[in-house]
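S.K.: Residue strings, one per chain:
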Amino acid sequence: MKKLALIIVLIASIVLSACGSGKAKGPVTISFMAWGAPEELAVWQQIVNDFQAANPNIKVNVEVSDWDSYWTKLKTLMAANTPPDVFAMDAPLYLDYQSRGQLLNLQPYIDKNPGMLDGFYPVTLQAYKLPDGYYGMPRDFQTIVLFYNKDMFDKAGMAYPTGNWTYDDLRSAAKKLTIDSNGDGTIEQWGLATDLWDMELTWSEAIWSWGGEVISADYTKTLVGEPIAREAWQFLYDMMWTDHSIPDPNTSGQYGADLFQAGIAAMTSIGHWAVPGYATVEFKWDVAPMPISPNGGRVTSVNSAGFVAAKASQHPDEAWEFIKYCLSEAGQTRLTELGLAIPVLKSVAESPVFLNQKMVNINQQVFLDSLEFSRMKPVFRGYEEWSAAIGDGMAPIWLGEADLNPTLDSVVPQADAILTNNQ
Amino acid sequence: MEFGLKPLGRERWWLFLLLAPTLIGLIIGTFGSILATLWLSFMKWDLLTAPYWAGLKNYIALFTNEVFLKSLGNTIKFSALYVPGVVVVSLLVAVLLNRKIKGLTVFRTIYFLPCVTSAVATALVWNMIYGKDTGILNYIIHLLGGQPICWLCTDKAMMSVVIVNIWGAIGEGMIIFLAGLTAIPREYYEASKVDGANDIQQFFRITIPLLTPSIFFQTLISTINAFQAYDYIYMLTRRNQGDSSVPVVVFSIYRNAWNFFNYGGASAQAIELAVIVIALMGLYFWLERRFVIYE
Numbered sequence: 001m002k003k004l005a006l007i008i009v010l011i012a013s014i015v016l017s018a019c020g021s022g023k024a025k026g027p028v029t030i031s032f033m034a035w036g037a038p039e040e041l042a043v044w045q046q047i048v049n050d051f052q053a054a055n056p057n058i059k060v061n062v063e064v065s066d067w068d069s070y071w072t073k074l075k076t077l078m079a080a081n082t083p084p085d086v087f088a089m090d091a092p093l094y095l096d097y098q099s100r101g102q103l104l105n106l107q108p109y110i111d112k113n114p115g116m117l118d119g120f121y122p123v124t125l126q127a128y129k130l131p132d133g134y135y136g137m138p139r140d141f142q143t144i145v146l147f148y149n150k151d152m153f154d155k156a157g158m159a160y161p162t163g164n165w166t167y168d169d170l171r172s173a174a175k176k177l178t179i180d181s182n183g184d185g186t187i188e189q190w191g192l193a194t195d196l197w198d199m200e201l202t203w204s205e206a207i208w209s210w211g212g213e214v215i216s217a218d219y220t221k222t223l224v225g226e227p228i229a230r231e232a233w234q235f236l237y238d239m240m241w242t243d244h245s246i247p248d249p250n251t252s253g254q255y256g257a258d259l260f261q262a263g264i265a266a267m268t269s270i271g272h273w274a275v276p277g278y279a280t281v282e283f284k285w286d287v288a289p290m291p292i293s294p295n296g297g298r299v300t301s302v303n304s305a306g307f308v309a310a311k312a313s314q315h316p317d318e319a320w321e322f323i324k325y326c327l328s329e330a331g332q333t334r335l336t337e338l339g340l341a342i343p344v345l346k347s348v349a350e351s352p353v354f355l356n357q358k359m360v361n362i363n364q365q366v367f368l369d370s371l372e373f374s375r376m377k378p379v380f381r382g383y384e385e386w387s388a389a390i391g392d393g394m395a396p397i398w399l400g401e402a403d404l405n406p407t408l409d410s411v412v413p414q415a416d417a418i419l420t421n422n423q
Numbered sequence: 424m425e426f427g428l429k430p431l432g433r434e435r436w437w438l439f440l441l442l443a444p445t446l447i448g449l450i451i452g453t454f455g456s457i458l459a460t461l462w463l464s465f466m467k468w469d470l471l472t473a474p475y476w477a478g479l480k481n482y483i484a485l486f487t488n489e490v491f492l493k494s495l496g497n498t499i500k501f502s503a504l505y506v507p508g509v510v511v512v513s514l515l516v517a518v519l520l521n522r523k524i525k526g527l528t529v530f531r532t533i534y535f536l537p538c539v540t541s542a543v544a545t546a547l548v549w550n551m552i553y554g555k556d557t558g559i560l561n562y563i564i565h566l567l568g569g570q571p572i573c574w575l576c577t578d579k580a581m582m583s584v585v586i587v588n589i590w591g592a593i594g595e596g597m598i599i600f601l602a603g604l605t606a607i608p609r610e611y612y613e614a615s616k617v618d619g620a621n622d623i624q625q626f627f628r629i630t631i632p633l634l635t636p637s638i639f640f641q642t643l644i645s646t647i648n649a650f651q652a653y654d655y656i657y658m659l660t661r662r663n664q665g666d667s668s669v670p671v672v673v674f675s676i677y678r679n680a681w682n683f684f685n686y687g688g689a690s691a692q693a694i695e696l697a698v699i700v701i702a703l704m705g706l707y708f709w710l711e712r713r714f715v716i717y718e
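Keeping their order, the protein sequence lines are chains A and B.
Using the numbering used here, you'd call the opening residue of the first sequence number 1 and step up by one each time.
Using the numbering used here, you'd call the opening residue of the second sequence number 424 and step up by one each time.
I should point out that these hints are in silico values taken from the structure, not numbers from a laboratory.
Predicted, not measured: the structure shown is a model, and the values here were computed from it.
One thing to keep in mind: the hints can contain errors.
Stated by the list, open to error - Just the calculated beta-carbon pair ranges, DEER-fashion:
| id | chain 1 | residue 1 | chain 2 | residue 2 | range |
| --- | --- | --- | --- | --- | --- |
| 1 | B | Ile483 | A | Ile228 | 31 to 39 Å |
| 2 | B | Tyr717 | A | Ala79 | 43 to 51 Å |
| 3 | B | Tyr677 | A | Ser410 | 23 to 31 Å |
| 4 | A | Lys155 | B | Thr557 | 17 to 25 Å |
| 5 | A | Ala79 | B | Tyr653 | 47 to 55 Å |
| 6 | A | Ser410 | B | Glu711 | 38 to 46 Å |
| 7 | A | Pro294 | B | Thr472 | 52 to 60 Å |
| 8 | B | Lys525 | A | Gly277 | 46 to 54 Å |
| 9 | A | Leu355 | B | Phe486 | 56 to 64 Å |
| 10 | B | Phe530 | A | Phe283 | 41 to 49 Å |
| 11 | A | Gln314 | B | Phe486 | 39 to 47 Å |
| 12 | A | Tyr160 | B | Leu536 | 49 to 57 Å |
| 13 | B | Leu536 | A | Gln46 | 40 to 48 Å |
Beta carbons are placed, not taken as given, at the ideal position from N, Cα and C, and that holds for glycine.
Work out the full structure: start from the sequences and follow the hints.
M.R.: Below is the structure:
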């Protein structure tokens, strides 16, 4: 009996002390969640440390997970009504959360800081702006550019890609740089490696440059099957299946992540997030703008990752303070040092902090200049399901199992049905 | 037949008290989630806002959604290949290892190892075996003068994935069959030998009939596993954003729930999967009464 009493006392004391600490006056703790590689945690922690030094009354707990688990974890926490106070957002997915009432309207806070958004690149704000204000703030942006392996161009005695390159130049260079060195029928070096599942890396650029559209302005109709878009698809199709200068996914899959990084592809089109990985390779490389289409158009894709605060947050003021800090010059400078992205503040992007990054010596200006002819990756409710319908639907083409036109004919109505469901 | 001691008086309370943690876990965790899934399958729910009544919409979608129908077809095809494969191969391995040979424990351990190894790690190794230009299998084929085969391309992927899943399940089946084999009395074999039966006759006339309880049990377990198979398939056939060259129903459930904000549809798919498995179990138990021999 004595033992039992002791246990009860122990349990009671634990429970009571836990209740007590909740009420104690002290620094407010907020949580912050982002996706990223494990090494990014250190950088976020650095930003948090700087922030805490400037705001001794706020403590920030940082958590970094890989892309897939990040979204699963986030949704679970939201369903339990315990979302992180501040968390990272990818612009195309923004409305899936905003339209479900999960995000805090930041407009009242922005109104208290007049002129705060003046230094931002306007295109980055576009994705988060809604009729009743901003429910998120861009933290960085990504323009897609052409990366090329200088050593491979040198070895072939070819001139590097320039700002005047057309898609035909790209195609003929890719063809010349696709090499089966021992003549056994297996290609050892590919001209261009890219991912054709998602629109961001290649196909939205091609369709827009040709003069087509991906989706209607009111997000009710899928336009990837229009005649002008089909010309762009056909071009990519011919590069893969006539020239064999783009490896199909079955071939590229066996090399793991990235064929350009692995040194088996001469070119790739990707964003700045690839730079830290590419900084570790042995060969020399640089970047050039995306090429001009046969119709004379040139469009690249721009996407923006951002910060949002949870509507259910107990500490919205502190959450805003943290967001504001990350968007200040000090915060943006730290983020730029990560090397993964381009800062949204012009003053930081156009300074040596971004342009003369120590990690690699490449023409960083290309990323900024590409903004001039860039278009925002579409942002609408149901984006993920819609893009899966197109990505999965078009996959048989890239796997060499289906023809282009009949596949497009069947993919477009499926994608349209998803748009209708998400209205 | 009754086993053990009956609890008396106050012991009864202790019995329930000590069983309570497990029972409560079972009631809330298992039955609770089954009921919740059933309820959600009639709802439209995106996890973040309140669910609302959807009637039979989610169930109608099971018959009209082409992506789901394709994944259902894959699951059925996979099960039809996997279940007989596991039963036959693990039975053969068990019979081979049920004799006095050198290093018996080593062999048994080797066959059982896949069961205790992380599926993700082994699938990565299988990726190295199956690779078209980089794989070990095609290297061997090349040495023998053959043409490389794309093992994980869409047309061959099903077969390749079934092979890996069977390989991974041999160990479990082997244990079940070894237990069944040890239970067969030696005298049957000795008596039949005197009557002039050879090894093959013994296998089909004595071993197989007396093993039917084990075969029945193994078929049952393999069928349940086949309908839930996910890990090896995911690791070997995944493409971008949860797509796969062999998308099975579990893929579809996961994507609808976690990627497409469609928890109602995912629940209906899970219920359909459960109904199919339950129907098959019913069929098995009917067959059991006709064909399984208990001594």
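S.K.: If you check each hint against the structure, which ones fail?
M.R.: 5, 7
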